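In case you want the letters, here they are:
Protein chains: 2
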Amino acid sequence: MTIDTQILRAFRECGEGSVSGAELAEELGVSRAAIWARIEELRSLGYEIDATPHQGYRLVSIPDVLHADDLLARMPLNQIIGRDIRVFEQTGSTNDIAEKLARDGAVEGVVVFAESQTRGRGRMGRQWLSPSRKGLWLSVLLRPRMRPEAATQITIAAATALARAIQRVCHLDPEIKWPNDLLLKGRKVAGILTEMSAELDRIKSLIVGVGVDVNVERQDLPAEIEKTATSLRIESGAAVNRADLATAYLSELDREYHRICAGEFAQIADEWESKCVTIGCNVSISIGNRQIVGRAESLDADGALMIRSPHGHLERIIGGDVLLEK
Amino acid sequence: MTIDTQILRAFRECGEGSVSGAELAEELGVSRAAIWARIEELRSLGYEIDATPHQGYRLVSIPDVLHADDLLARMPLNQIIGRDIRVFEQTGSTNDIAEKLARDGAVEGVVVFAESQTRGRGRMGRQWLSPSRKGLWLSVLLRPRMRPEAATQITIAAATALARAIQRVCHLDPEIKWPNDLLLKGRKVAGILTEMSAELDRIKSLIVGVGVDVNVERQDLPAEIEKTATSLRIESGAAVNRADLATAYLSELDREYHRICAGEFAQIADEWESKCVTIGCNVSISIGNRQIVGRAESLDADGALMIRSPHGHLERIIGGDVLLEK
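Protein sequence lines, in the order shown, are assigned to chains A and B. Heads up: the first sequence runs through residues 1 to 326, numbered per this note's numbering. Heads up: the second sequence runs through residues 1 to 326, numbered per this note's numbering.
To be clear, the hints were calculated from the coordinates, so they are not data collected in a lab. The structure presented is a predicted model; accordingly, all values stated were derived computationally and were not measured. Careful: at least some of the hints might be erroneous.
It does not matter which identical chain is meant; a pair holds if it fits inside one copy or across any two.
[Said to hold, decoys possible] Computed list of lysine-lysine pairs in DSSO-like fashion (alpha-carbon distance at most 27 Å, straight line): (1) Lys275 to Lys100; (2) Lys100 to Lys177; (3) Lys188 to Lys204; (4) Lys227 to Lys204; (5) Lys275 to Lys188; (6) Lys275 to Lys227; (7) Lys100 to Lys185; (8) Lys204 to Lys100; (9) Lys275 to Lys177; (10) Lys275 to Lys204; (11) Lys185 to Lys204; (12) Lys177 to Lys227; (13) Lys227 to Lys100; (14) Lys188 to Lys177.
Kindly generate the complete structure, drawing on both the sequences and the hints.
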């Protein structure tokens, strides 16, 4: 843990109170001058920090930047997810960075954030716009001991975790559209892209990427998606602190991931189904050139969607473009 | 296509006859001196080439090296697999090189060979010995439009293609042990490692790697695998030309791959089943901590093994360590 992370963690632990520079210095085993230098550095990053003689330092406000030291300071110490956090000012795609870390042998739980992506993507290599500092574009590296066909469980867990984090932080109530979208009032506010590297019968590494339109404003939306997309800021009417949302999501995801590893996916599926706009709907799903029509009934044990055809036949679907016909 | 590839192709087309330097020069649009220089270069690589005034050049013998220009010259022009061939003197793992090419956007059909591997591996990250110039260690990059769970089809196709190539070139009759081994007299002679990069419902790229103990000699085998491993040379009693075997395998694999893309996997499965030592046997399969016992009955449409338990229940297995109990 860096000294900055430890200082920010100390601020966080004392709530709105002050932290003594002398105590901090002793605790961290550095000089008071070194603490002062780090405080100056944090100020230069946009942290507003008061210094009062005999009382110490007090954190007044934090800037709207994603700062690895700050994010690490916010993470519970026993979490798998978020025990290592990397923030990039700009990258092609956070999934690609996480994949490279996976190849280089990184442990599971590493999280990659970018303030902007130049080649953000959704399913099937589709473009995903990632304007600078307006959203959360992040990827988590996991190494679940599961078969490739069970990977849908992780997408379902991520959707559930993200919906819960948005409820907690923004007091909005997103719906989930199978397999990988979050909607507010029928408009897309977030998407999930799960990618894996696998042998036939085991996942070697899995990257779950999310893109959330957090503080995107109406005028930021390109004309072609203006009617189908939205953001947390547009729907709530207020700017959202991205670090708060990121922290909430990673904690929720960590909880869901432990459940999956413990074989308790069914519990996640129940919560997911209650938030899901797809279940109970008549749907039309495009898979390549094929079109499947029917009623979405439930998720199976691996997170696949079970569709009842008009003839009563039950079909198992693991992905595709879903059109809802309520 | 390089000039070397074109010269070697011309030699191959004329069988044991001679190729006129003047005609070659005209055909390839270079000077006779340039042809002469390339012939000298090929000689320095170990090619034995006679030059007779008024008759031209004649290829007498080729060295036992893997030479990309030579391998390309042997490939039928309309094949997907082998339209680009890279040979490395030494590499960590050919699957890793092919994976990197895939990430960099290489088209499907690229083949990576190595004369030796320092980190050759089998399933589950197990070590695979790859002594220099004694075997075929190669990986093929494919981009099949299929779901991750159908990838077993490719392993089945590769096993079938490799068994057929060994029959053609070495007149030996390997058995296949599901999912990924080739045996001669019950001993392992080759293994297949299929790895993929995928979204939940589509493969982005798939690498099918094979390791064949071609000219490995008995004294090359480490004590711990001496009783379970063998080589084509040990079983046939003669050295095998590795380029002949590689070419035969790539052509057979290309044919099988076209069948899979045309939806004709069932035909491959039939041939595979006839060569398979696993089908019809009582088997014990370890999958992580789980043990499955039963009779191997058949392959399903995706290449998974169907096991009939002692209680009559049918179970679908996509991978694991198989112990045959004939």
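Hint-by-hint comparison with the structure:
1. Lys275 to Lys100: So Lys275 and Lys100 fail the 27 Å test inside a copy (33 Å) and across (39 Å) alike.
2. Lys100 to Lys177: neither (29 Å within a copy, 34 Å between copies)
3. Lys188 to Lys204: Classified as between: cross-chain Cα gap 25 Å, same-chain 31 Å, threshold 27 Å.
4. Lys227 to Lys204: neither (39 Å within a copy, 30 Å between copies)
5. Lys275 to Lys188: within (14 Å within a copy, 52 Å between copies)
6. Lys275 to Lys227: within (22 Å within a copy, 58 Å between copies)
7. Lys100 to Lys185: neither (37 Å within a copy, 42 Å between copies)
8. Lys204 to Lys100: both (13 Å within a copy, 16 Å between copies)
9. Lys275 to Lys177: within (9 Å within a copy, 46 Å between copies)
10. Lys275 to Lys204: Neither: 30 Å inside a chain and 30 Å across chains, both beyond 27 Å.
11. Lys185 to Lys204: neither (37 Å within a copy, 33 Å between copies)
12. Lys177 to Lys227: within (17 Å within a copy, 55 Å between copies)
13. Lys227 to Lys100: This pair counts as neither: shortest intra-copy Cα distance 36 Å, inter-copy 39 Å.
14. Lys188 to Lys177: within (9 Å within a copy, 48 Å between copies)
In terms of the numbered hints stated before, the structure departs from hints 1, 2, 4, 7, 10, 11 and 13, listed from lowest to highest.
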